[in-house]
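Mind docking these for me? Both chains are given alone in their own frames, and the hints should help you get the complex.
Protein chains in written order, with the working numbering: chain A, 1 to 386; chain B, 1 to 336.
Just so you know, the hints here were simulated from the structure itself, not pulled from any lab data.
In this text, all values refer to a predicted model and were calculated from it rather than measured experimentally.
Positions of the beta carbon are idealized from the N, C-alpha and C atoms, including for glycine.
There could be a bad hint or two in this list.
Said to hold, decoys possible - Chain B regions said to be covered by chain A (calculated; three or more residues, Cβ under 8 Å):
1. 88-97
2. 100-108
3. 115-122
Claimed, not checked - Here are the simulated distance ranges between beta carbons:
4. B:D281 - A:E277: 23 to 33 Å
5. B:V65 - A:R289: 16 to 26 Å
6. B:E76 - A:E277: 22 to 32 Å
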Amino acid sequence: MTDVGIDASDSGPLHAFGRGGVALSAVLPGLPQLMVGRWGVGGTSLIVWFGLLSVLLTRWARFAAGWGGPLDHKIASLTVVAGLLGAWGWSWFDMSRPAESRSIGVGQWSLAVRAFRKNRIAVVGLMVIVGDYLIALVTPLIAPRDPATLAPLSSRLLAPGGEFPLGTDHLARDVLSRILYGARISLSIGFVAVGISVTIGTVLGAVSGYLGGWVDAVVMRFVDMVISFPRLVLLIIVAALFSSNSIFLIMAVLGFTQWPGTTRIVRGEVLSVREREFIEAARALGFSRRRIIFRHVIPNVLAPVIIAATLGVGNVIVLEAGLSFLGLGLQPPTPSWGSMVSEGRAFMIDAWWIATFPGLAIVLTVVAFNLVGDGLRDALDPRLRV
Amino acid sequence: MPLLEVTDLRTYFTTDAGVARAVDGVSLRVEAGETLGIVGESGCGKTVTALSILRLIPTPPGEIVSGSSIRFNDEELLKAKPARLREIRGNAISMIFQEPMTSLNPVFTVGHQIEEVLRLHRGLSKREARAAGVDLLAEVGIPEPDQRYDCYPHQMSGGMLQRVMIAIALSCEPSLLIADEPTTALDVTIQAQILDLLVSLQRSHGMALLLITHDLGVIAEVCDRVVVMYGGQIVETGTTSDILTRPEHPYTQGLLASLPGIGGRDVRLKSIPGTVPSAVDWPEGCRFRDRCSFAWERCAESAPDLLPVDGGSGRTARCWLHDPDDGSSGRVEEPT
Numbered sequence: 001m002t003d004v005g006i007d008a009s010d011s012g013p014l015h016a017f018g019r020g021g022v023a024l025s026a027v028l029p030g031l032p033q034l035m036v037g038r039w040g041v042g043g044t045s046l047i048v049w050f051g052l053l054s055v056l057l058t059r060w061a062r063f064a065a066g067w068g069g070p071l072d073h074k075i076a077s078l079t080v081v082a083g084l085l086g087a088w089g090w091s092w093f094d095m096s097r098p099a100e101s102r103s104i105g106v107g108q109w110s111l112a113v114r115a116f117r118k119n120r121i122a123v124v125g126l127m128v129i130v131g132d133y134l135i136a137l138v139t140p141l142i143a144p145r146d147p148a149t150l151a152p153l154s155s156r157l158l159a160p161g162g163e164f165p166l167g168t169d170h171l172a173r174d175v176l177s178r179i180l181y182g183a184r185i186s187l188s189i190g191f192v193a194v195g196i197s198v199t200i201g202t203v204l205g206a207v208s209g210y211l212g213g214w215v216d217a218v219v220m221r222f223v224d225m226v227i228s229f230p231r232l233v234l235l236i237i238v239a240a241l242f243s244s245n246s247i248f249l250i251m252a253v254l255g256f257t258q259w260p261g262t263t264r265i266v267r268g269e270v271l272s273v274r275e276r277e278f279i280e281a282a283r284a285l286g287f288s289r290r291r292i293i294f295r296h297v298i299p300n301v302l303a304p305v306i307i308a309a310t311l312g313v314g315n316v317i318v319l320e321a322g323l324s325f326l327g328l329g330l331q332p333p334t335p336s337w338g339s340m341v342s343e344g345r346a347f348m349i350d351a352w353w354i355a356t357f358p359g360l361a362i363v364l365t366v367v368a369f370n371l372v373g374d375g376l377r378d379a380l381d382p383r384l385r386v
Numbered sequence: 001m002p003l004l005e006v007t008d009l010r011t012y013f014t015t016d017a018g019v020a021r022a023v024d025g026v027s028l029r030v031e032a033g034e035t036l037g038i039v040g041e042s043g044c045g046k047t048v049t050a051l052s053i054l055r056l057i058p059t060p061p062g063e064i065v066s067g068s069s070i071r072f073n074d075e076e077l078l079k080a081k082p083a084r085l086r087e088i089r090g091n092a093i094s095m096i097f098q099e100p101m102t103s104l105n106p107v108f109t110v111g112h113q114i115e116e117v118l119r120l121h122r123g124l125s126k127r128e129a130r131a132a133g134v135d136l137l138a139e140v141g142i143p144e145p146d147q148r149y150d151c152y153p154h155q156m157s158g159g160m161l162q163r164v165m166i167a168i169a170l171s172c173e174p175s176l177l178i179a180d181e182p183t184t185a186l187d188v189t190i191q192a193q194i195l196d197l198l199v200s201l202q203r204s205h206g207m208a209l210l211l212i213t214h215d216l217g218v219i220a221e222v223c224d225r226v227v228v229m230y231g232g233q234i235v236e237t238g239t240t241s242d243i244l245t246r247p248e249h250p251y252t253q254g255l256l257a258s259l260p261g262i263g264g265r266d267v268r269l270k271s272i273p274g275t276v277p278s279a280v281d282w283p284e285g286c287r288f289r290d291r292c293s294f295a296w297e298r299c300a301e302s303a304p305d306l307l308p309v310d311g312g313s314g315r316t317a318r319c320w321l322h323d324p325d326d327g328s329s330g331r332v333e334e335p336t
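Looking at chain B on its own, in the form it has when it is part of the complex (with noise of 0.2 Å):
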């Protein structure tokens, strides 16, 4: 039984200009103690579909479409009350966010913001919270913790207060941490550190994280499996080295050709043509196939579901480029 099963989510807002179906009919598994990485450009669904799992969509304009389903534990979360919701956000479910800068309440002190989850969830006394904060600060690296304890937020820098909310979010030993671009915001040197910190947790605390990023190399230094997304689905989805060394779908071969490489000084990096269209009007048919230099009539009339790709090793892709049945299908090749 995987501890996350998230079946045919849809996600939509009401907005004046139209339903903008953000997340439209996203299904996913996270195996408990792995790390599936969620990945794709600005617009694409990736924070909906966090968001989507902990229930913290808006709502209105928000609405998560009946049909859906997120299974966390053989529990159905979209049936979850409130209070019940409450017990599991930041106790067996956490998440991390893009800002570390942002995310902490200005006028309380990080030992006091550590303390209230502590309090809240795990039931400690004030004097137990702040040994067991202490504790949390030293494991996530933050060097004198007793003295940073006492800190308010204004006075650390940008890592350090994601450290913060790494504690935070471990503080209550969830099962799956949901990080969204945990390192976004972060210069390079400290991106690395961060991530190092969240592989070693994960695997220190046993639990399965969930990252959400448009980075492919944090993918590639993290991730056990990889889903891309497009247009509010899933496009491709397959182990992080597949995905990474044979893309099957254009748009992931898209991405991957946009990344800049070693040595090649004067190489113009490559870029997908277009620009994502609004999710108030999703293409007809396959979504990417404006931006696709492989796309033909097939595409414009229907899209794919994610089909299997290559004998059976779990891998998918929504495109008919690997249609089995379609006399075209096969490995695509690069056009020349």
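Chain A on its own, in the form it takes in the complex (with noise of 0.2 Å):
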């Protein structure tokens, strides 16, 4: 193999650990990373593994009973097994592994990772990330109460602290339960949202700039038509056609209205892409259009597709959170973030913990979401690459 990329930071001391290292991943995953500097990787497996082994622990009532009980019971239980394996054979895994093959730059998705590795505060963006996407998966075993369950009148509009942490909402709903069940709608619904419109937005965007003529022009004025129809007028419209708001109707209607950027980008990067020499030699090797298109193009423009999912996962977040403060989104007592925020406006100056806590959680989600963003945008982008 070449030398290319071998990273001496990460060689040495990590070597030195020998078998030491391993069993000490065994005993403490992320502990070995950690102490040799690579803070991201090596914090990231502690608190995954400390956060789901302390849910285990002190849940373990319903993490037993989650196994026969609702979906998302079963899938909060899956994930604390499944997470707490992952964090443990992840880090053994790592340690085990010969130095060299941890760190040799092979193809451009590792130079990738180790640009964005460098970028700290894309890093911290990232792993609250994760961490918002493993509570909403653990929800029901951790929330301290149920989201919907009003508690004796006497407990409305409590203060943060004491029995809960984070106070009380004017129907006596406890309001962490409530943030803890509304990661689930916003994060699921930016996920879901983002993988309609990238999937959409790719295929389009490559059909459209590989092939060119009558198929570009028709796909890019059907652009400029979606593109010009206001989106706030056309969920109000679609909100006020369907009685039942479902999350899958939210998650639809967002997903089909932001796909046109993401053409556009993509539509643009298979524009230069195209007349580069690779694809004309893969045309002589007789590959079909289709073959060319989704084998030999489209992995050549998923950096910037990749960079717009980021940053359009935090865009529909806040649509979401948008439509439900117009009281458009889902329907009560269904917490989501918006509408949280929403309920709480009224009583700001009296109860201001009712929509300032939502709030942050939508803030600092966002802001996660748009760092990771930017930092993929820095490490996947060569001219910006030392």
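Listed below in structure tokens is the structure:
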């Protein structure tokens, strides 16, 4: 192999751990990585390990009951098991493989990973996102109480502290539990809606850019049309048309209006990729147009797609919050961050905690996605890479 | 029956400035197992000829004009359906390109790219394809092929990548390999190695080679026969030794005269005066006449077809100097 990209800071000390490092990682996953300064991966696995372990120990009864419970309880219990095994297994694997294979910069992806790791604030953002999703998955195990259950009326509008760490709202519901359950709504909407939009955007953009001609003209005029239509109006109309606003409807509407940006980015990239010599070589090898578009063109334009997707998640979460704030999102009592802010608005003076904490959750998550998006842009753009 | 027979190939491009007649009536033959060189300067239509053979001309703006014919193994490629063309490309006819650094997909390992061809055209399983791919890398002279197989293009040098391209081109045992300036982007020592490799592989696989180059040195080393192109047309054909020792067309003479020789350090290199005219409007008559020191009125009126030269040895040249009915015909002497 070439000696391209052996990271001196990585190979020496880790190797020195030898079998001791493997044993150490079996006891505390992430610790050996942390000790040699790989704080990103080390810290993440340590935090995940500790967090899930404490969930397992303190909520053992719920964890055990989870296997027979509803789907989200099953998923939560499964996440705990998979997370613990994953953190432990990964750390062990990371320590037991030879130092060279860990840090040789092979493909452009591993180069990008190394560039991304240098950007500390983006790594913190990634850790916040990973934490967000983990919390959303294990919410049924960790939430202090049911988000929709009303406590006795005497405990309305209680300030944070004591029995209710983040206070209660005007219906005596626990704000912390509602934020935890709300995370599932916001994050899954962000994830699914962006999944839909990125899939549509990438395929349409690649086909339109590669084929050109009338296909390109039709697709791009369609993009212009979708972009020119005010999105909020469309969302309000759809919300009005369907009386029951299920989460899937919101995901679909957000997803199916989000794609034009991705399409334009992908088309622009494809226009330059298709002129590269390896595409002509692929045609000379008798590859079909479909194979060239999906197997050769799209992998070359994935970098901007990933950036757009990451930034898009933040965008969609804000949109959903706005929609819920306007009362057009999910029906109460389903908790969503946006609707919590909306409900807390009336009590802003007397009970600031109702709107503030979900608002902070939105800000924290969206900022994390934007930080990761910016970090990815720097890491994936070879022109910015030194 | 020749392996490849191109007859009166005309490939035109529609541009804003008009119709560019990039290839304008090219006819050539490649026999099985032989090496034919196409030589000419930039813009003479060599590459477009090669791309036309594989039907890789982007349409529009390009178009192969009706009346052209490209027969491969007695099959008319200009009438072949897209699916049939895809079967032929990379399988019966392979092509290697000028820039090895950019001819491979940067996001996949070289092994992945060899595998893809083997699996598509030869229907091998992933494991068989890997074994065959490593063998191919070894055959084209890549050291440690097993490890190189998992390298990405940016980890290899230009010469190595051109070997990989040759391995991919050879993977399906083509009967014709088109090499479009395969050594132009490489430095001189690597050029020689790649040419040697091409020649030895061509012999061991018994395939025909259509070598496109602007470098007469490459032609001299590799080719059996040569066609010289100028202005979208063939201006001279013949065996390599004949063309190099006794060029008959003034353009070929100019090309040879402009080669640097060994010894004459203080001699100024000769060049052909003027520049190549635009493909959008070739001059009437002979396309070389503005740059030709022999040109006379007749050259402005019309251009000849390829006229036989030198008593039936199969050599031809597109020049009135070789018109048997003209008084001035015969062997061209250097003007003093």
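Against the structure, the hints come out as follows:
Evaluation of the coverage hint for the stretch 88-97 of chain B: fulfilled, as 7 residues show C-beta separations to chain A shorter than 8 Å, against a requirement of three. Coverage of a stretch by a chain is defined here by at least three residues with a beta carbon nearer than 8 Å to that chain's beta carbons; for the stretch 100-108 of chain B and chain A the count is 7, and the condition holds. Chain A is given as covering the stretch 115-122 of chain B, and this holds because 4 residues of the stretch bring a CB closer than 8 Å to a CB of that chain, at least three being needed. Between B:D281 and A:E277 the C-beta distance comes to about 30 Å, which sits within the given range of 23 to 33 Å.
Remark: the range hint 16 to 26 Å for B:V65 to A:R289 is upheld by a beta-carbon distance near 24 Å. A C-beta distance of roughly 28 Å is found between B:E76 and A:E277, which places it inside the suggested range of 22 to 32 Å.
Every hint from the earlier list agrees with this structure, and none is contradicted.
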